[in-house]
Amino acid sequence: MAVAQAAHKNREFLWRRLHTLSGVIPVGLFLLEHLFTNATALRGPAAFNDAVDAIQTLPLLHFIEFFFIFLPITYHGVFGLYVAFVSGYNANRFSFGRNILFVFQRVTGVITFVFIIFHLWTTRFSGNAPNFDMVHNLVSNPAYFWFMIIGVVAATFHFANGLWSFCIHWGITVGARAQRITAWVTLIVFVVLAGMGVASIIAFTHSA
Amino acid sequence: MSTAAETMETTRTVHLIIERQDSPESEPYTQEFVVPYRPGMNVIACLMEIQRNPRNKQGDPVAPVTWEMNCLEEICGACTMVINNRPRQACSALVDKLEQPIRIRPMRTFPVVRDLVVDRSRMFDALKKIKAWVPIDGTYDLGAGPRMSERDQQIAYELSRCFTCGACVEACPNVNDKNSFIGPFAISQARLFNMHPTGAMHKEDRLEALMGEGGIHECGNAQNCVQVCPKGIPLTTSIAAMNRQVTYHALGAWLRK
Chain A
1 MAVAQAAHKN
11 REFLWRRLHT
21 LSGVIPVGLF
31 LLEHLFTNAT
41 ALRGPAAFND
51 AVDAIQTLPL
61 LHFIEFFFIF
71 LPITYHGVFG
81 LYVAFVSGYN
91 ANRFSFGRNI
101 LFVFQRVTGV
111 ITFVFIIFHL
121 WTTRFSGNAP
131 NFDMVHNLVS
141 NPAYFWFMII
151 GVVAATFHFA
161 NGLWSFCIHW
171 GITVGARAQR
181 ITAWVTLIVF
191 VVLAGMGVAS
201 IIAFTHSA
Chain B
1 MSTAAETMET
11 TRTVHLIIER
21 QDSPESEPYT
31 QEFVVPYRPG
41 MNVIACLMEI
51 QRNPRNKQGD
61 PVAPVTWEMN
71 CLEEICGACT
81 MVINNRPRQA
91 CSALVDKLEQ
101 PIRIRPMRTF
111 PVVRDLVVDR
121 SRMFDALKKI
131 KAWVPIDGTY
141 DLGAGPRMSE
151 RDQQIAYELS
161 RCFTCGACVE
171 ACPNVNDKNS
181 FIGPFAISQA
191 RLFNMHPTGA
201 MHKEDRLEAL
211 MGEGGIHECG
221 NAQNCVQVCP
231 KGIPLTTSIA
241 AMNRQVTYHA
251 LGAWLRK
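Chains as they are written, first to last, in full-length UniProt numbering: chain A, 1 to 208; chain B, 1 to 257.
Be careful, since some hints might not be right.
To be verified - Going by beta-carbon spacing under 8 Å, a handful of chain A positions derived as facing chain B:
hint : residue
1    : R16
2    : F94
3    : F96
4    : N99
5    : F102
6    : W170
The hints are simulated quantities; they were obtained by calculation from the structure and are not laboratory data. From a predicted model like this one, the values you see are computed outputs, not experimental measurements. By construction, the Cβ of each residue, glycine as well, lies at the ideal position given by its N, Cα and C atoms.
Work out the full structure: start from the sequences and follow the hints.
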């Protein structure tokens, strides 16, 4: 009864927890899948086109795309903008490392939000067939190339640092030591994923 | 009596820049003061000196600076103010260890009553909200409660050292006008009373409160709280521990319905 009443009065807790969860499952998982697929471009255009074809032949692709990617990413992004808006920023007064990362998390979130919209517009909704040449034509433009680099670094940072925060939000890492170790692990996750993403973008600049 | 300006020439002095405010509604302004130095003096001693001879740096008479204090040994938290950008107790802020000029302002996360005096009622409200007590009152003697393990006593002692000074609330970026976050200290207090064997009888009430408006979910893990806590209370560990309790409670409550 008390639970029902509290839940009725305030759903903020639920929205917040859904936000942190959606960032990892499925949005984070999709990010990993996306980066790994793009990394096949390192083995040449044919390998990348094969990987794309494999995804294109998945059953219920539009269903998966809508319910496991589009809906969660929209929720995470839009609610995330709200979170960034209601957060305070005082890293100028308190320049502790974690407080600076707290600001970075929100800044990279907003960058990633804008990046994804433009990225989708120029790829998924551009009307062009998804293949190596399409991406090659895009990243041949230096402005678009650097836009991609910034977007990938921001997205991978947001994911890795968000993973650290997720572990605290869900009560997985409780002690200071556990949180410190997770910080190092997620830093490695960031470096590896960002490196992979950047290498893939560079691979796309080489003509087929 | 020599003015502050004259003493500056003859003896060692302390230079203070204080942000002042005459009433809750009026605009803040800063005033500079120069007080004679004494070995081992703290910020309270400087403020007392200003009270004794309320003149600004130029020697003009001004209204004495208002502040709150009580224990003078970093136990009550009443004299918490922002000293050189850090929320801390004025009693344990030793002039010898501070960079001069010493900049002092009130904790603006709370409504300012006057000068350095702030209204910390919201902290008391937060403690009431999360039921930060052990209910033992009855119409008859309830007898001795269950014993607590030595290990739990150690943790509880650490948490019980919180004196609601407000430093963590001042440093937390998510305690602001756009957010109703109750603050780190309240989450730590919920942990303290949830780990008490008798207090645990009202565990669910506290978890419900933490899931309510301005609850634990408003924490953004900036972790300033644990850096500024004068008592070194592991506030971020408390928050994560309560996140774990809340997660189990929320999932359990949902699956039981």
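How the hints compare with the structure:
no.	hint	verdict
1	R16	holds, 4 Å
2	F94	holds, 5 Å
3	F96	holds, 5 Å
4	N99	holds, 5 Å
5	F102	holds, 4 Å
6	W170	holds, 5 Å
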